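Colleague: Each chain, written out:
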Amino acid sequence: MEPLLYKSTHEIVEIRDRSDAALEALSAQRKLSLSLEDMRAIRDHFKQLRRDPTDVELEVLAQTWSEHCKHRIFNAVIHHTTDNGKEVIHGLFSRYVRCVTEEIMERKPGFVVSAFHDNAGFIRLDDTWAVGLKVETHNHPSAIEPYAGANTGLGGVIRDILGAGKAARPVASLDVFCLGNPDTDPAALKDGSVIHPLGVLRGVVKGVRDYGNRMGLPTIAGSIYFDDGYCFNPLVFCGTAGVLPLDRIEKRVEPGYRIMVLGGRTGRDGLRGATFSSASLDSNSREDDQGAVQIGNPIEEKKAADCLLRAAEEGLIRFVTDCGAGGLSSATGEMAAEHGASIYLDRVPLKEPGLSSWEIFLSESQERMVLAVEPDDVERMREMADLYESECVEIGTINNDGFLRVFHHGDELCCLDGSFLHTAPRKTLVSTYTTSPESGTVSGPYMPDSVDHDYTSDLHGLLRHFNVASREPVIREYDHEVLGQTLVKPLAGPDGHCPADGTVFGVDGSARYVAMGVSLLPAWHANPYRMGRGTVDEAIRQLVVSGANPDRVALLDNFCIGNPEDPHVLGALVETARGMAEAAEACGAPFISGKDSFYNCYETPQGTQSIPPTLLISGLGIIDERAHITRSFIRRTDSRICLAGLTRPEMGGSVYARMTGATDGDVPRWEAEQTMTVYRRFHEALRNGWILSAHDLSEGGLAVALAETGFSLRAGMNIQLEAVPVDGGPSITERLFSESTGRLLFEVAPAHVDAVTAHFHGLPFAVIGTMNDNHDRLVVGERDTVLLDEKIIHLKESWKNGLKPYY
Amino acid sequence: MEKRPEALLLKFPGTNCDVETARALDTTGFRVRTIPFKGISEEAILQCRLLVLPGGFSYGDYIMAGRLAQLKLEQALGDALNRFRDQGGYILGICNGFQILVKLGLLPSGSLIAHADGRFRCQWVKLRNHRPDHPFLRALPEVVEFPIACAEGRFVAAPGDAEAYLDKGLVTLTYEDNVNGSSAAIAGLQDESGRVFGMMPHPERFLTRAHHVDPDWAGDPDRGWGYYFFRSMYEELNPATEPEKSTESSQAMTL
Chain S
1 MEPLLYKSTH EIVEIRDRSD AALEALSAQR KLSLSLEDMR AIRDHFKQLR
51 RDPTDVELEV LAQTWSEHCK HRIFNAVIHH TTDNGKEVIH GLFSRYVRCV
101 TEEIMERKPG FVVSAFHDNA GFIRLDDTWA VGLKVETHNH PSAIEPYAGA
151 NTGLGGVIRD ILGAGKAARP VASLDVFCLG NPDTDPAALK DGSVIHPLGV
201 LRGVVKGVRD YGNRMGLPTI AGSIYFDDGY CFNPLVFCGT AGVLPLDRIE
251 KRVEPGYRIM VLGGRTGRDG LRGATFSSAS LDSNSREDDQ GAVQIGNPIE
301 EKKAADCLLR AAEEGLIRFV TDCGAGGLSS ATGEMAAEHG ASIYLDRVPL
351 KEPGLSSWEI FLSESQERMV LAVEPDDVER MREMADLYES ECVEIGTINN
401 DGFLRVFHHG DELCCLDGSF LHTAPRKTLV STYTTSPESG TVSGPYMPDS
451 VDHDYTSDLH GLLRHFNVAS REPVIREYDH EVLGQTLVKP LAGPDGHCPA
501 DGTVFGVDGS ARYVAMGVSL LPAWHANPYR MGRGTVDEAI RQLVVSGANP
551 DRVALLDNFC IGNPEDPHVL GALVETARGM AEAAEACGAP FISGKDSFYN
601 CYETPQGTQS IPPTLLISGL GIIDERAHIT RSFIRRTDSR ICLAGLTRPE
651 MGGSVYARMT GATDGDVPRW EAEQTMTVYR RFHEALRNGW ILSAHDLSEG
701 GLAVALAETG FSLRAGMNIQ LEAVPVDGGP SITERLFSES TGRLLFEVAP
751 AHVDAVTAHF HGLPFAVIGT MNDNHDRLVV GERDTVLLDE KIIHLKESWK
801 NGLKPYY
Chain D
1 MEKRPEALLL KFPGTNCDVE TARALDTTGF RVRTIPFKGI SEEAILQCRL
51 LVLPGGFSYG DYIMAGRLAQ LKLEQALGDA LNRFRDQGGY ILGICNGFQI
101 LVKLGLLPSG SLIAHADGRF RCQWVKLRNH RPDHPFLRAL PEVVEFPIAC
151 AEGRFVAAPG DAEAYLDKGL VTLTYEDNVN GSSAAIAGLQ DESGRVFGMM
201 PHPERFLTRA HHVDPDWAGD PDRGWGYYFF RSMYEELNPA TEPEKSTESS
251 QAMTL
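Protein sequence lines correspond, in order, to chains S and D. Residues in the first sequence are numbered from 1 upward in steps of one, following this note's numbering. Residues in the second sequence are numbered from 1 upward in steps of one, following this note's numbering.
No lab work stands behind these hints, which were simulated from the structure alone. Hints are supplied without guarantee of correctness; some may be wrong.
[What the hints assert, rightly or not] The list that follows gives simulated cross-link-like pairs (lysine to aspartate or glutamate, EDC-like), each with its CA atoms no further than 20 Å apart:
id, chain 1, residue 1, chain 2, residue 2
1, S, K800, S, E391
2, D, K3, D, E43
3, S, K800, D, D117
4, S, K31, S, D52
5, D, K38, S, E391
6, D, K38, S, D386
7, D, K72, S, D386
8, S, K427, S, E412
9, S, K351, S, E313
10, D, K72, S, E391
11, D, K126, S, D495
12, S, K800, S, E790
13, S, K800, S, D776
14, S, K70, S, E565
15, D, K72, S, E389
16, S, K351, S, E374
17, D, K38, S, E565
18, D, K38, S, E379
19, S, K206, D, D117
20, S, K800, D, D214
21, D, K38, S, E389
22, S, K47, S, D20
23, S, K804, D, D117
24, D, K126, S, E472
[To be verified] Covered stretches of chain S (chain D as the covering partner; in silico rule of three or more C-beta atoms under 8 Å from a C-beta of chain D):
id, region
25, 296 to 302
26, 491 to 498
27, 757 to 763
Computed from a prediction, not measured in an experiment: that's the story for all the values here. Backbone N, C-alpha and C fix where the C-beta goes; we use that ideal spot for every residue, glycine too.
Make the full structure from the sequences, and use the hints.
Modeller: Here it is in structure tokens:
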């Protein structure tokens, strides 16, 4: 019989006399993912202390200093070289994210109520409520175990919201997947351990479904982006929005508070997730790293959430944070950063006996929250957890000496100075971007005008395209109505099957509404600077057409790239971040949270497979009144359709270019001032009650947007292409399919057409068509020539069935 | 002073439609209490007028939907629910609550199993109202819309049973388009007394007009059918109130 462990299991790791090579060997052997520079800093620290670290201390440092936890690449000093010269960037985060927000916080006092320092960022909804959003990536786990990866990805981001302020209430979720194409030839997957994109898709959808539906959170927004570049490294983003009373945003610990762990028990699942996710994948990843992928249990989380929110309403919670990457080490380390804390591992409820000390402290077992309460409230918390069939146990105390101390059966296994623990050495990196960021690639007439060309067939092809076709098979698997506050649903309309731009939800106790949307344009990578600008614009545009006030929009940035030590990969990231920051600042849209994911590359014998640099922008927009909520589809048979914004010969990165295999063409530019003026005018028109419906122009351009607005099947549409406001002489193909930024399509009743036209005076605007009840077709003509003529229901069939054979 | 009839929501671990169901009950006039399962007592049940088992995934529903909740309920409360019904109390089960009531044997026998296509479905459906005399249904039209959101919402029964339930008037709602393959397209059932009522669709998610998928829905200018679903039961339990009638407009536009 094996003896039960009533003593700590730890070892002293000799580090003080190690050479550089021996330090690197130690990091590799223990899978610490620490650089030589980090290892030297640790060695020197313990030399000063005149002792060697324990294995617990080393693991705590490795997790705390991991890329996943500390965003060291986003904070690194970068020497960036472009055609225009060299510059030194003292941290991408500081320069392109935080500065933007700080500048906007000055311009719009009171709008951002929490950014960057908590588990999620929040903006003011009204005088009582704040609304926030957090989006996380879960790429590496999802590549190895799609179901469990996406499942725990969502579970984790829900806990970020629960751990924001003194416990925010999660209210809606979003999910974004970047995957290889569904029709990828299995033989093309050079490595047997790579999962086919369809396998990944099925796994991640079920993962989100089973967690979100069971938690009772509506999954209301998202995107699925297919590109061969994601075959080896799928990307999975999960996001959750939450609401919080303004007076529960600030939280702090005081010496003497008790630290409690609430929810699931601690087991051996999910060890070293933070360090694992900060390295690249290879064919051994499935074998080696499966222990880093956790198992989700949404009911455990639901019970903990119900208990926590009730306790928060009763005012019991002084501080709360989630137990994510780095486990208790990271959660208690965050709590102890100022005052220090003592943690007693023998009190932590375990799933199984026999865990070694560091495993208890570092395990990333799911569904755990760590909170601080006043000593008198410990018993009440226990009772509350019992009522909700959860578990809440006191595991330690906040001190006042600044040290993180960990005990196990009387032994002190860790005694780290908070000031050392939270100051990882700063990295220095080199980046290069060779094409001048302002110039595109080859430009010129994309395709000569020809009235004989079959534009109808082009449109069918675009509507069936994997990146345009209806996501219905996936959307219906998510409960997007639970909580009874989803007002603009991802699929809506008379038959419940028209696509929405942004989705809109209400908040109990507030007369305001929130629009949520996501945007990503990795196909624009030929010009990363413009990609950054365009992605911000598209996110804002979706919110604006849904009725959000363009001056009350907040953004989140999620970057995913390959190996940041490759100067060209990092160079593209720098340019993307620069474009993104300029656009956000020009729009007055602050970043309230963000996350980055590196090493999204896969080592094969044929070389490294890296993803295209990917920027996901998620947006939250405040809708001032219910009457402003706007849908994307045609509502009347006698209305006019208007287009605002300029169409240019910019086919670079468009779906049309990808469909036809063209690689030339300019990536769309973006003009800050004019675009924001258009958005504000549109919003004023909407407030005046002049707008019946509105849709943004994005993938597939004008033609796809027209077809989609027609999917309500309420009216026939006659469109005059010559009326479209243009710049730079676009061809017919370009006017139909270019993805120029900043364009809005909207429906206006005849009585308001003159007022709307006058309202947009001086801006690129035109009435481009009329609705009618004489036919059920989309007819696009130029002067007397009909270019495109098709029954809308046939177009809708193409759109509805594009993905169905595969999912 | 407090004369409003009380609705009691029973919340199992994994119940997740309690917030919107409480909102709907509160909006329609009920006094609402939500009690976690571990805090429930027979006394609490016997003193309310309407017991509601809201939607969700009780205990995760990893085995048959509602099965664990049924066992736990029977263990904790015996046949308290039967006594509550016999003394005149109403029991409403929505979605997972319906599944639990079927498992408890409080509704005509059958099973709610995985949909014919094996998928979870969240969509709006049209339902036929078979019991316009029932307190939950009497303010609703012949065909009413509500959303469904379930993976195990397909009602099946022994051969001939479903048709017999229709004949006996135990079927309250059927799908106009049988989206999940239910026997006789059954979407909702009542027991012989009419006081136990279960349905897969979610009336609490159609409380206001703004919930509808179509902004041009030709219905009430403010309220959704879910409001009238709960309100007519409120009026049944509190006869002193003036009945509210839906003002159906021919083509209500929000503009």
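Colleague: Evaluate each hint against the coordinates.
Modeller: A quick look at each hint next to the structure:
no. : hint              : in the structure
1   : K800(S) / E391(S) : 46 Å, violated
2   : K3(D) / E43(D)    : 19 Å, holds
3   : K800(S) / D117(D) : 18 Å, holds
4   : K31(S) / D52(S)   : 19 Å, holds
5   : K38(D) / E391(S)  : 13 Å, holds
6   : K38(D) / D386(S)  : 8 Å, holds
7   : K72(D) / D386(S)  : 16 Å, holds
8   : K427(S) / E412(S) : 32 Å, violated
9   : K351(S) / E313(S) : 30 Å, violated
10  : K72(D) / E391(S)  : 19 Å, holds
11  : K126(D) / D495(S) : 11 Å, holds
12  : K800(S) / E790(S) : 16 Å, holds
13  : K800(S) / D776(S) : 18 Å, holds
14  : K70(S) / E565(S)  : 17 Å, holds
15  : K72(D) / E389(S)  : 13 Å, holds
16  : K351(S) / E374(S) : 27 Å, violated
17  : K38(D) / E565(S)  : 55 Å, violated
18  : K38(D) / E379(S)  : 17 Å, holds
19  : K206(S) / D117(D) : 15 Å, holds
20  : K800(S) / D214(D) : 19 Å, holds
21  : K38(D) / E389(S)  : 7 Å, holds
22  : K47(S) / D20(S)   : 15 Å, holds
23  : K804(S) / D117(D) : 14 Å, holds
24  : K126(D) / E472(S) : 19 Å, holds
25  : 296 to 302        : holds (count 4)
26  : 491 to 498        : holds (count 5)
27  : 757 to 763        : violated (count 0)
In the structure shown, a violation is registered for the earlier hints numbered 1, 8, 9, 16, 17 and 27, in ascending order.
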